[in-house]
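Number of protein chains: 2
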Amino acid sequence: MRQSTLIFHTRKEAPKDEVAVNAQLLIRAGFIDKLMAGVYTYLPLGLLVLKKIETIIRTEMRAIGGQEILMPVLHPKALWEKTGRWSTLESLFKFKGLNSEIEFALGPTHEEVITPLVQGENLSYKDLPVYLFQIQDKFRDEVRAKSGLLRGREFIMKDLYSFHATEEDLNTYYEKVRGAYETIFKKAGIGDMTYFTFASGGTFSTYSHEFQTLSESGEDTIYVCESCRVAVNREIIAEQRACPECGSEDLKERNAIEVGNIFKLKTKYSSAFRLGYKDKDGSEKMVVMGCYGIGLSRLMGTVVEVSHDEDGIIWPLSLAPASLHLLSIGAESEGLKKTAERVYNGLVKEGIETLFDDRMDVSAGEKFSDSDLIGIPYRIVVSEKLLKEGNVEVRDRKTKTVEIVKEADLVPFLKKTFLSS
Amino acid sequence: MRQSTLIFHTRKEAPKDEVAVNAQLLIRAGFIDKLMAGVYTYLPLGLLVLKKIETIIRTEMRAIGGQEILMPVLHPKALWEKTGRWSTLESLFKFKGLNSEIEFALGPTHEEVITPLVQGENLSYKDLPVYLFQIQDKFRDEVRAKSGLLRGREFIMKDLYSFHATEEDLNTYYEKVRGAYETIFKKAGIGDMTYFTFASGGTFSTYSHEFQTLSESGEDTIYVCESCRVAVNREIIAEQRACPECGSEDLKERNAIEVGNIFKLKTKYSSAFRLGYKDKDGSEKMVVMGCYGIGLSRLMGTVVEVSHDEDGIIWPLSLAPASLHLLSIGAESEGLKKTAERVYNGLVKEGIETLFDDRMDVSAGEKFSDSDLIGIPYRIVVSEKLLKEGNVEVRDRKTKTVEIVKEADLVPFLKKTFLSS
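These protein sequence lines are chains A and B, in that order.
Using the numbering used here, count along the first sequence one by one with no gaps and you end on 421.
Using the numbering used here, count along the second sequence one by one with no gaps and you end on 421.
Source of the hints: derived by calculation from the structure; they are not laboratory data.
Treat the hints with caution; some may be incorrect.
Where chains are identical, the list cannot tell them apart; a pair therefore holds if satisfied intra-copy or between any two copies.
[Stated by the list, open to error] Straight-line distance between alpha carbons at most 20 Å, and here's what the computed SDA-like set of lysine to any residue pairs gives:
| # | residue 1 | residue 2 |
| --- | --- | --- |
| 1 | K94 | H9 |
| 2 | K406 | G84 |
| 3 | K34 | E101 |
| 4 | K51 | L70 |
| 5 | K138 | L70 |
| 6 | K77 | T221 |
Quick caveat: nothing in here was measured; it's all calculated off a predicted structure.
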């Protein structure tokens, strides 16, 4: 990908009304654009990151048997009235069509759609369990939306719903999803700082867990047991000041961001929509449900919150818009141009994703600071000075360590040192 | 993909209020589910088709230099007021947030978002041309929505926008997009029956063209010049009863479905949002724009409208949820089961996408009629009778021709006969 073809440039300043670090950096680096509070456009670099997150999540959802579907954004009022949430869910966007004369909600979650959808199939015990997921836009009518990608009025979520004959079966699958979520957060580079949290508050206190990533900009406070790698959230601590796994009372208070949640819905929604199944003995029983969410856009924002420095974003290799940022620096001689093109083509040929800063009218300083801001994991510099010795420079964005490598040895060096993991 | 794992079964009847053939067949075959008029869920098989359409379109958009972005569904009122379309576009969904106290539109198209987005980059002549596209949900507040996937209240579109320094450059790119669209419709199996149509009606009469696919269920009437492979639509015919390419007056009246449109917007939107660029001589000039749409969901519906028979859908290989439908038929002996599994695993190993009807409690007749309804291009039957001779049966869904092939020869036969194109 040639940087000269990218229309969306880096910026020195984020919009004045943007207070969240994740949005400030992502806007300045040209990954997203703010349309209004809590509503963003994904620009080419940002969409590349989003697609990588999507692929990681989709892979793990398929690995635990998830079948992908795509449900609508527009929901009819009648379904939300059945569960009572038309009037109780404060953040629900509700409106009436002028022509269609129907009242709609914009989906903030999809229990009200998926439960009657599955109900239409007249299940028998043989059909269960069933696991269905989607990756879709979601909407919340937030009073204020000041946290960038962490809390949008419009955001992108993966929601998985599971349908079981028994609570035991739900419990078994719930643990499987927990494992898949741990893999996803590990792959996204935040495994170390993400805790499985015993949740509370709201309707599902006893049946729900969250995944919380430690960050100073998080909205939640959790209490972490370092030895067990689990946490409890603020509401639980009032009742029971101890680790739910080992009983330790040595819990550390931390700010955290909720990056995922898993709920045992049990028969709450299947009862509302009469979603039953015919059991072996011919009797009708209620289906037992679970639901499991990860915000893709929130995960993107979280990674930026926990992985940046004063110069910009530091992407993990798994989510970066490219693995390498190749910079052609200094007087634009024909020799240098040729070398830079040769290096670029060599990398492309090897299938190594490379952003090539081939811009002609940009100073070295600007290229360096743009590269730090954009935050691609490894920077390769080609310059007149290095060229004389047949060398290129390789720099690690995170550790800032620099190595000088012979141009001919570059690809094997990268594969051995950086890209093997 | 094992059919026994698919929860969404085929149906004998579509919903009574569903009059469109495309929706009737897609619902009966388990590709989509109707949530309300003009709003559908894509089930696993339907989403597979949608993803294939998406890949075809994305490939061709990239081939003509398109960079992918993703713009929001929620638009602020202010932008739609700038172009006047807040009050003039009748099908615009408009509403006020209860908490956010802002008025929103749901995007039916994105000129009001992309023009100020690009305007923010302070373009110079060096930045142009720019080509940006997205694949995103769109919304129209339709009075009635009775045409299934052909006219949804919620639908999925690819919209490409181009930005140029001059009208000449727009004209050149416009022809490139025309070529890309022809490739897309050819790949989607409707190239032969899709015509480049000189459009009229509405604001852009002189500057717009449509791609119209001949179908009895289309909403449009076009006049086709068979020799030139172009058409004109009903409004133009009143003024000028002749082929715009060859001047022939021998035009045939036909019903057609609009599957794509291309517009020369010129400076309509750049003027509204003061989207200029700095030219070589330092002067400020208006950017010249084009926009180009294809409805992915409408394309899916169109293919079903023009490619089905009394038994069900007939997918082109390029869009089918799988290339082969493998049916295990008759008494479920251990020998038959083993053979069917062996054939299935052999096909999967070869990377041939196969839907395997491994259901145990379903009659042969039901499997055959389900297979015709679902419409995968090639059906492979494994039965006790065939097994005795070491044979399998291969049937072409479209021509209904049947061939008996030795099991050992199946993969080479398929590759040679069907899957090579």
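Results for each hint:
no., hint, verdict
1, K94 to H9, "neither (37 Å within a copy, 33 Å between copies)"
2, K406 to G84, "neither (67 Å within a copy, 60 Å between copies)"
3, K34 to E101, "between (32 Å within a copy, 18 Å between copies)"
4, K51 to L70, "both (16 Å within a copy, 11 Å between copies)"
5, K138 to L70, "both (12 Å within a copy, 14 Å between copies)"
6, K77 to T221, "neither (35 Å within a copy, 37 Å between copies)"
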